[in-house]
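*Asks:* As a plain string of letters, each chain reads:
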Amino acid sequence: MPAVASPVRDPAWQVSRGAIGLWVTEGIIGAIVLALGTAAFLWFVPASVGGPVPFLRWAVPILVVVDAVVSIGLRPRLRYRVHRWEVTDEAVYTLTGWLSRTWTLVPISRIQTVDVTRGVMQQVFGLASVAVLTASSEGTVRVPHLEAGVAQRVADDLARRAAQVRDQAT
Amino acid sequence: MTEPPGLRTSPRVLLVHTVTFRQARAFVPVLIPLVAATGLGGGRTTIILLALAVTLFSLLTAALTWWRFSYAVGPSAVVVTRGLLARSVRTVPTDRIRGVEIETPLMHRLFGLVRVRIDAAAGAVSGKDEEIVVDGVPRAEGDRLRTAVLTRTSAQPEPGMDGAGEAGPPEEQFARFDNRWLLYAPLVGSYLAVPVAAVGAGFRLLEELGQRVQPDLDGLDLAGGWARTLGAVGVLLLLLAAGAVVGAALVNWGFSLVRRGGSLVAVRGLVTRRHTELEIDRIRGCTVSEGLGMRWVRAARVNALVTGLGDAGRRGQLLPLGPRTQAWELADRLVENPGPLVTHPPAARRRRIVRAVATGLLVSAAGVLATVTAGWWWVLAVGIALTVLGVPVGLGRYASLGHATGRESFTVRSGWLVREQAVLQRRAVVGWRVRQSFFQGRAGLATVVACVGAGSGGYAAVDLATADVAPFTAAASESWAAEFAPR
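Chains as they are written, first to last, in our numbering: chain A, 1 to 170; chain B, 1001 to 1487.
The shape of chain A in the complex, shown without the other chains (with noise of 0.2 Å):
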């Protein structure tokens, strides 16, 4: 993480542990399909077709391996530790991005709609994602992997009190 201040807080919680293993099952997938594509790609593309691809040959099954073993070994580490979000008494709040950095805060008395997904790998490791929806199509508060008690409770838990501050404004 860059070693500048912090325009704002940093929410306090983080995202469930077992989305390191979502997020390594994703990368291997990924990699499996690369490492085939790679296989196709010396089995059918001889090094006596000319112009760049001997090079290719070399540097293509190495750039495979590189990207394997960041998006296995280092990138779930490293979007486990900057997923952060928070439910606070008047806010939600989320930050995401590791060089680019997003901080997003949306009251609970406008929000408009929250949903819970959970897609076939997130089912697979028990985890669940929410999204708060306002009247702005940019105030969109996603918190992702979250275990899917803990999803469901914040989402039923958000709705319930974003009703009940509706109903004290009007």
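Do not rely on the hints blindly, as some may be mistaken.
[Stated by the list, open to error] Partial chain B-side listing against chain A, Cβ under 10 Å, derived:
1. PHE1027
2. PRO1170
3. GLU1172
4. THR1307
5. PRO1323
6. GLN1326
7. GLY1457
8. PHE1484
Derived by calculation from the structure, the hints in this document are not laboratory data. Don't be surprised by glycine CBs; every beta carbon is placed ideally from N, CA and C.
With the hints as your guide, set chain B onto chain A.
*Replies:* Using the frame of chain A, we list chain B on its own:
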């Protein structure tokens, strides 16, 4: 619940639609190849017969559409039934209706008819689908429709406050278009595009007419010396300017903005009269935008930011074109002025310049390479020119940056080609998004986007000092923004 009987539009609209081929137009792409295939070999009789057939066909489609269309304004909803074969019944609850627009195109005016557009923004749904069009009712019926729909809408939220509590006169003029302002039009990009588009359409038409009819341009003596070329360019520019003025006049003729009760009513247009109504209650702020050319002559335009308004760019216009002083007078009437802008830190200036110069530097680097390897020195020349031009652009962009917070409102400004200043009420903010890229972090800057459920959805204070972010957000929205501050 008993539904009120469905009403038809006026039968006179049949004539309008027959003449303008409104429904028949949809079949043109099918007809052209058909005609082309059979050939137009015949003489005058064929052509007359063809014209007759097309008109009859147009009348038939118009009549079918008219016959199958009905609308009803109930106590809680507007119901529109339509569709030739597949019937579609559209029910829009009255409290979801955001605004009503009455349009009077030229042909409609001749027959004393209007077109009513009812804007039922559903929030997430975008596109043309969110509006109901009742095309071709008599003017009085149009007015009745508007009041029937709108009085119910505005009566629901707060019955006591709007009508009775207001001390001012029931009708109040907010802005009126001065025809001299049309002279600003040649300096406004969007109006300049009008004649260009017209010329483009003309050329396409020429091409479609075929080689025989095209004027013999190749024979024209282009080598007539500098004087003639300059003259031609001058005439062209004059025509362009005239086209822009005419375009602006067509759209904005007789523009006036009036407050009537709880809503703002804008009327405008030379050929097609448009009558737009916005609820003041839903106005969350406004933008004052000035293009590069407009800044020269101190002109500006004002748009209202209205929650849940479809096609906001056109409907939200409060002053399409006018002097800056007038624009600000109007903006201040709607939203409290938060005071003079605070400039952003010097790091923001460096960042703007670096970003503006970056393209030029890249091209220059490529140019050095190209000069050495291929002798293409002009790439380098272009690169250097771009780099040098980038400096004033960067400075200009920095000069546009600014933000300020007032008691009830706040404002952010950015943009160089079109400088846009958004003035927003504190309650407008439905969320904050703070972005910091790697380089911004190094420079101690961050961009703060106020998420708003109106207009473009987000208004950014670009390159704020990191230390100012939390105070700015706290001052510009309600108490919840204090969550940003470190504990």
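*Asks:* Now look at each hint and say whether the structure bears it out.
*Replies:* Hint-by-hint comparison with the structure:
{"no.": "1", "hint": "PHE1027", "verdict": "violated, 37 Å"}
{"no.": "2", "hint": "PRO1170", "verdict": "violated, 27 Å"}
{"no.": "3", "hint": "GLU1172", "verdict": "violated, 28 Å"}
{"no.": "4", "hint": "THR1307", "verdict": "holds, 7 Å"}
{"no.": "5", "hint": "PRO1323", "verdict": "violated, 32 Å"}
{"no.": "6", "hint": "GLN1326", "verdict": "violated, 30 Å"}
{"no.": "7", "hint": "GLY1457", "verdict": "holds, 4 Å"}
{"no.": "8", "hint": "PHE1484", "verdict": "holds, 4 Å"}
In terms of the numbered hints stated before, the structure departs from hints 1, 2, 3, 5 and 6, listed from lowest to highest.
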